[in-house]
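Chemist: Sequence:
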Amino acid sequence: MTTESQLERLCSREKWVNPYEVLMLGPNATDEEIRSKFRKISKYIHPDKCRDDRALQAFHILESAYKTLQDQEKKHIYQRIMREAKERVDFERKKENRRRETLGFSKLPEDTIDSELQDMCNRIFREIEERKIHIEKYDFTARKRAREEEEKRREEEESRVQEEKEWERSRDKRVNAWRNFTIKKEKKNVKKKMKSFELKPPTVRMEERPNNPERQVWH
Numbered sequence: 011m012t013t014e015s016q017l018e019r020l021c022s023r024e025k026w027v028n029p030y031e032v033l034m035l036g037p038n039a040t041d042e043e044i045r046s047k048f049r050k051i052s053k054y055i056h057p058d059k060c061r062d063d064r065a066l067q068a069f070h071i072l073e074s075a076y077k078t079l080q081d082q083e084k085k086h087i088y089q090r091i092m093r094e095a096k097e098r099v100d101f102e103r104k105k106e107n108r109r110r111e112t113l114g115f116s117k118l119p120e121d122t123i124d125s126e127l128q129d130m131c132n133r134i135f136r137e138i139e140e141r142k143i144h145i146e147k148y149d150f151t152a153r154k155r156a157r158e159e160e161e162k163r164r165e166e167e168e169s170r171v172q173e174e175k176e177w178e179r180s181r182d183k184r185v186n187a188w189r190n191f192t193i194k195k196e197k198k199n200v201k202k203k204m205k206s207f208e209l210k211p212p213t214v215r216m217e218e219r220p221n222n223p224e225r226q227v228w229h
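Remember, the numbering used here sits 10 above the position in the sequence shown when you count from 1.
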C-alpha cells in the first residue's frame, strides 16, 4: 500500500457506492477492523500529511465510507446487499461450471471470485440507484399533482369566498328591490279593494212595448 496507489484508487471513480469496497474490506469485517483500516489508509492520504492535490478528495471519500459504516442500520443494509451479491455469484458460477463440465471444459478459476463479487455488488447498487431514481420521479410527479390539486382547491375556495362577499354586498340592494316590489303590489291591491266598495247607480232598463199591441177581447 502506497500513497500513490491509494490516491489513484480512490480518485479513479466518479462515484463510489460500496463503503466496504472503499475501505478494502469484506461484509463480515468487525467494527474494530473497520476503524483500523480507516486509520491505516488515512495515514497515506490525509491532507495534513499528503500534499498531493488529490488528497482532499480521496480523504473525503474514505471518511464518508467510514461514517456510513458507523451507522449500524446502514451497515446492515450494505451487508445484506453484499451477501446477496455472493449468493448470485455462487449461483451463476455453479451454473457455468455445470455447463463447462458437460462440454468437457475446466471449471472457472477461483482467483476471479473477488472481482466477480465486486462486479455483482456494483450491479446490485446500480439497480438500487435506478429504483431510487424511479421512485423519486414518481414522488415528484405525485407531489406535483398534489400541489396542482391543492392550488385548484384553493382557487375554488377563494372564488367561493368572493362570491359570498359579492352576495353579501348586494344584499341591501336586493332587500330594497323586494321591499319596493311588495309596496307597489300592496298599493295595487288597495286600489282594487277601494274600487270594489264604490257605490254604483242601478242600471235602468227601458220597458219594451210591442209595436202592434193586440186588443184584449172579454167574453
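Derived by calculation from the structure, the hints in this document are not laboratory data.
Any given hint could be a false lead.
Beta-carbon label-pair distances, calculated as ranges [what the hints assert, rightly or not]:
1) Arg45 <-> Leu113: 42 to 50 Å
2) Glu168 <-> Arg45: 22 to 30 Å
3) Glu168 <-> Lys198: 27 to 35 Å
In silico DSBU-like cross-links for lysine-lysine, where the CA-CA straight-line distance does not exceed 30 Å [as the list claims (entries may be wrong)]:
4) Lys59 <-> Lys47
5) Lys84 <-> Lys53
6) Lys47 <-> Lys96
7) Lys85 <-> Lys117
8) Lys162 <-> Lys175
9) Lys96 <-> Lys59
Backbone N, C-alpha and C define an ideal beta-carbon position, used for all residues, glycine too.
Chemist: For every hint, state whether the structure bears it out.
Modeler: The hints, checked one at a time:
1. Arg45 <-> Leu113: 42 to 50 Å: At roughly 48 Å between Cβ atoms, Leu113 and Arg45 fall inside 42 to 50 Å, so the hint holds.
2. Glu168 <-> Arg45: 22 to 30 Å: Violated, at about 60 Å.
3. Glu168 <-> Lys198: 27 to 35 Å: violated (44 Å)
4. Lys59 <-> Lys47: holds (17 Å)
5. Lys84 <-> Lys53: Holds: Lys84 and Lys53 sit about 26 Å apart, inside 30 Å.
6. Lys47 <-> Lys96: At roughly 22 Å apart (the allowed maximum being 30 Å), Lys96 and Lys47 satisfy the hint.
7. Lys85 <-> Lys117: Not OK: Lys85 and Lys117 at ~34 Å, beyond 30 Å, violated.
8. Lys162 <-> Lys175: Status holds; Cα separation ~20 Å.
9. Lys96 <-> Lys59: violated (37 Å)
Checked against the numbered hints above, the structure breaks hints 2, 3, 7 and 9 and satisfies the rest.
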